[in-house]
Amino acid sequence: MSLRRIAAIARQDLRILRTDPMAVVPLIVLPLVVMPFLQPAFRAAFHFAGLHRATGAEQVVPGMAITFGFFLVMNTCSSFFREHTWQTWDRLRASPAGTAEILLGKVVTPLVEVTLQFLLLFGFAGLLMDLHVRGSWLGLCAVGCAFAVFLVTTGVALTGVCRTYMQANAAVATGALVTGGFAGALVPFALLPPWAQSVAPLVPSYWAMQGYKHAIFGGKTVLVPILLLLGFSLISTVVAACRFRLDDPKIGPT
Amino acid sequence: MLKVRGVHKSYGPVKALNGVDLDVGRGEIVALLGPNGAGKSTLVSVIAGLHRPDRGGVWLNGVDTGTHPDLARRQLGLAPQETGIYPTLTVLDNLRFFGELAGLRKRDLLRRIDEVAAAFSLGDLLDRRARNLSGGEARRLHTAMIVLHRPPLLLLDEVTAGVDVQTRNQLLDLVGSLAEQGSAVVYSTHYLHEIEALGAQRVAILLEGRVVTAGSIPDLIGAFGDSFVELKFEQRPTGLDLPPGTVVVAENVLRVPAEDSPAVTAADLVGRLDRSGAPLREIRLLQPSLESVFLSVTAGAANGGPP
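Sequence order for the protein chains is A and B. Residues 1 to 254 (the working numbering) make up the first sequence, in order. Residues 1 to 307 (the working numbering) make up the second sequence, in order.
Just chain A, same shape as in the assembly:
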């Protein structure tokens, strides 16, 4: 395995992102725009629940990071599907780069994107939205990393499962809203109906939300959410290993 080739593929995808940065709009710009609108509603909900020191940012920032973060799955899928549209996939496969090098090179850009999202959202909230991390910033970063790994591995798995870009797109849009809902990312978890609360632990986003909350409010360990997120990542990795075939014909975006 050659780090140089992995870096070359990563740089190529970063160049593509630089020429068309719209891919990060749903990931970063939309949550930045939405968060200030939702914060008062969440602050009121916390106050109603007796948490008078809460600013609402404790809910809205991780909630939006998780919901919109799901679009990273789409960005991961896109980096493969567009190669099919541009007819460059076979060229890449016939190049000296091996399978592992292609896959590793391809996940670097999504990881850069999600790191940017994390820094900008939590940084913005820390500076302008009264987000106070009473637990651990390190724990917060660790949860962010575990969730990023889950999103990227899920992106590769979804690419393996879906034949067309539109299938992947539909799956991601649905997944973002449904898992965000179950996780308590869209409304406080306590306000979810009981059946949804009982289903929620089966959803990775729920554990991301729990992890972020534990790190922000403090008092509880982030280790369990992190381990469970890594467990979900392992499931995605197994699906990717079983279903991702380099020679599968794919229909990319037109």
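Just so you know, not all the hints are guaranteed correct.
To be verified - Facing chain B, from chain A, some residues (calculated, C-beta under 10 Å): (1) Ala7; (2) Ile9; (3) Asp20; (4) Pro26; (5) Leu30; (6) Gln87; (7) Trp89; (8) Leu92; (9) Ala94; (10) Ser95; (11) Thr99; (12) Asp247.
Said to hold, decoys possible - Some residues of chain B that are not near chain A, with every Cβ distance over 10 Å (derived): (13) His8; (14) Gly37; (15) Leu101; (16) Gly123; (17) Gly135; (18) Asp164; (19) Ser227; (20) Gly239; (21) Asp241; (22) Val247; (23) Pro288.
Unchecked claim - Listing some non-contacts, in silico: residues in chain A with all C-beta distances to chain B over 10 Å: (24) Val25; (25) Val199; (26) Thr254.
Since the hints were derived computationally from the structure, they do not count as laboratory data. Even glycine gets a Cβ: it sits at the ideal position worked out from N, Cα and C.
Position chain B relative to chain A; hints supplied.
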């Protein structure tokens, strides 16, 4: 340089390759010729390692592509049939990427980009986004991307499809000079005149997934280069009395083997057609050439006989 032995490849019930053998030496240009669906692109894909053969094997410089695909891929450059470039990036970035993948670095990489860009007339276009290139320019970039690291084997699958005459001639010249520099070239096409223009040392004719014959152009013409008279009618002719061996090329096109000279056969045919009243539109005399070889071989194989 390249050794292909007994390669079979099926896609479901379709046998794309049915026991292909092929050898290409260093500096040699071998043209793969065959009608659509003959298996040319599949063979190129198998050699490039994009598809695993069901049976048989491919060796590049003695390296088995099945057991050491990574090592094998370092020795080849593939320009597939469809133009494959990154449209949002510049010509320079497209070239740089494939140079980096091939292991070129810094000064070496920039020097090779300059050399290749000059050879492919892309020097003034390096800063242009690939989506803004003309069809011919894009095709030149498509081909240039594989020669940066001077691979010992070049796989070119119909690289001149859809380009103008100037670009075609330029690409053929470049392929010829790459072979002169020592690269083995597998050149898949169905443009017969390109093979002659390219100066291919050998031609392998594929039909229904197998190499039905292979040899140098003079050898093939000597062995199979019959003369023909081709008759084109206004509409499908009926009730004609034509010599044995006549082949129906299309609904309104017949090809008659010329036992003597094509001119004598043509005169005889015109007499016969006059009597039948068939609406003849065009008559062509086909001298022994690669085209007549191809027609003989494919017609012979299609009729179940030896090529």
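Consistency of the hints with the structure:
| no. | hint | result |
| --- | --- | --- |
| 1 | Ala7 | holds (8 Å) |
| 2 | Ile9 | holds (8 Å) |
| 3 | Asp20 | holds (6 Å) |
| 4 | Pro26 | violated (19 Å) |
| 5 | Leu30 | violated (22 Å) |
| 6 | Gln87 | holds (4 Å) |
| 7 | Trp89 | holds (8 Å) |
| 8 | Leu92 | holds (8 Å) |
| 9 | Ala94 | holds (4 Å) |
| 10 | Ser95 | holds (4 Å) |
| 11 | Thr99 | holds (9 Å) |
| 12 | Asp247 | holds (6 Å) |
| 13 | His8 | holds (17 Å) |
| 14 | Gly37 | holds (17 Å) |
| 15 | Leu101 | violated (4 Å) |
| 16 | Gly123 | holds (21 Å) |
| 17 | Gly135 | holds (14 Å) |
| 18 | Asp164 | holds (20 Å) |
| 19 | Ser227 | holds (41 Å) |
| 20 | Gly239 | holds (48 Å) |
| 21 | Asp241 | holds (50 Å) |
| 22 | Val247 | holds (36 Å) |
| 23 | Pro288 | holds (38 Å) |
| 24 | Val25 | holds (16 Å) |
| 25 | Val199 | holds (41 Å) |
| 26 | Thr254 | holds (13 Å) |
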